[in-house]
Amino acid sequence: MTEVFRDRLLGVVLMAVAIAWLAASRFTIPEGYSGSFFGPRAFPNALGFLLLLLSVILVAQTFSKKTVDDDEEEELECKPTFQQELWATLVTFGFLISYFVALPIFGFVLTTTLLIGIFLFFVLRKRSIPLIICMPLGFSIGLWLLMGKLLGVHLPTGMFSWSF
Amino acid sequence: MDILLSTLAISFAPEVVGALLFGSIFGLVFGAIPGLTYTMALALILPLTFTLDHTAAIAMLLSTFIGGASGGTVAAILVGVPGTPSSAATVVDGHRLAKAGKASLTVAMATVVSTIGGLFSLIVMVFSVDFLASVALHFGPAEIFALLIFGMSTICGLAERSIVRGLIGGVIGLMVMIVGQDPIDGVSRLTFGQVPLLQGVELLVAMIALFAIPQVVEAFSQHHSGGETVVDPNTVKVELPRPRYVWGFRWNIFRSSLLGTVIGAIPGTSGTIAAFLAYSQEKKLNKDKVAFGHGNMGGVVAPETSNNAVTGGSMIPVLGLGIPSDPATALILGGLLIHGIQPGPLLFVENPQVIYSIYMLFAASYVIVMIFMLFGVRLFVKALHVPHHLLALAIMVLCIVGSYSVRNSMFDVGTMIVIGFLGYLLQKARIPLTPILLGLVLGPAMEREFRTAMIMSSDDPSIFYTSPTALLFFAFAAIVVFKHTLSGLRSRNNQKKEA
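Chains A and B, in that order, are what the protein sequence lines are. Residues are numbered in our numbering as their position in the first sequence, beginning at 1, plus a constant of 1417. Residues are numbered in our numbering as their position in the second sequence, beginning at 1, plus a constant of 1088.
The hints are simulated quantities; they were obtained by calculation from the structure and are not laboratory data. These figures come from a predicted structure and were not determined experimentally.
Below, computed lysine to aspartate or glutamate pairings styled on DMTMM-like, alpha-carbon distance capped at 20 angstroms: (1) K1571/B x D1376/B; (2) K1516/B x D1424/A; (3) K1584/B x E1420/A; (4) K1187/B x E1306/B; (5) K1496/A x E1306/B; (6) K1470/B x E1327/B; (7) K1496/A x E1420/A; (8) K1187/B x E1327/B; (9) K1516/B x E1306/B; (10) K1516/B x E1502/A; (11) K1516/B x E1420/A.
Could you put together the complete structure from these sequences and hints?
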């Protein structure tokens, strides 16, 4: 995929977003009650048009581009491959989504301990027993003590309402 | 003189010193953890002050405020995630310096200049509280809108390689903040009937997502590809800045302190705006433009000095007029009122001792926070010894906890994941993230001030060009845009000639 193609694709996606945004603003935002010409729709509409204009400029710029900038490619010699980046993206968002789902059910301490342990063992392939035990326990209990007990910040207790 | 001496004795009584120490540590911890803010720290500590004597209560509130304002730096520099919104501008150069093995020097330098900025603003506060408070009162919605436009114009400087991409980032940031309840009419906008969306996107949640998630993905992909840079513990030196080194940044410190103090005195503005303006101003004036944004100490000095100078500036309308500038100073004002202290012009006449003790405690808080931070540097840099992929795992947990604790809402955690994914995609598409952040920070205030100004003038736009202050800020914004466009065109022409 060349840089010009990437920029054109980005421009087209942004144009579609801008058009969808304008349509949503037009049909879902009610008129205001202040009586001013600049009601609740004014800013969303202006931003939609601005994004549309900028994405058109972005696409137009690709037609005047003759050379491809290789600067960024030179910056990282051992740049991760697409598969490696995809793996990293999947494990990151997989962890975050699992945490998001488990947190209200199991509570903070249990979710954090289990998920960090699983991530260390299965994803990062760590086999050091002290690390697999100490990091999840230390991190979850440490944060629970710091946030919940010392700083007075509420953390989710889970559906079963454990004491932590 | 007698009043001064008696104030000194009261201000440094053991109970007051204890309150200063406790407040400083409490604020520092809140500032350093992404997701927790000093406003939250002040809200939590306020009930603890009820049983204290009024001087100790003031000491605890001020030291929490100052500790929180300074603590955000640690996470911004070492982990690359801003602890507080006002330390977001520090991430750009600060984290790169840390990666280059200058973590302790950067944290220590940020601490020293933060103290200088804070003390500078205190001096300005002492000598000009009446004058600046009256000037700040002349800032209506039109003037604040013009100031915010000037703030937005700095996108041109933050846009890295392409102004168009920078502007796209800024517009996306502004769009994100549109979702939720309208600030003037209260109608729902783009919520599609979803009740949780009514509360809109929390700025801190968006910031955590934008800065942390792309970095976590990068750390895991580097680990998976075997290209992870392992920091040798022996190369991470504990280095503190020498006076001569700090002196080398004197003009940067002076400009940023002045800017922060003035911005802080204007109600409705914040340390984040001051930090970005100072960063942009320094980027323009710095001779080493190439390194700026890639690990330049000037890019840490400017935002850190400026966002701490805001603390003194923001106390000017509180003490001089009894008007809070932001939620944090509103909590301090509330604390003062609870203890029977009514800020305003009369306080200076009727109870000068309270004013003097505020000045002394303000200075003492900065010195205590600086001592804690400089001693803590040895401990902080240990974070760099942890392999990046393990640090990334810890950051993910902190992102979840931080997003949740802002409003105790799982919706915010979901929002953080979605914005994190969006931020990652945008970074891959080479849309710079800093302009997005600027849009997020300035967007709500810009819309609110513009529409308030238009309602006040019955939709007459002359409100913007009949005010000399507003015109001045518009002119500054125009100059910034023109200058960056011109330099962009020049560098393009030079590239063509070289080709």
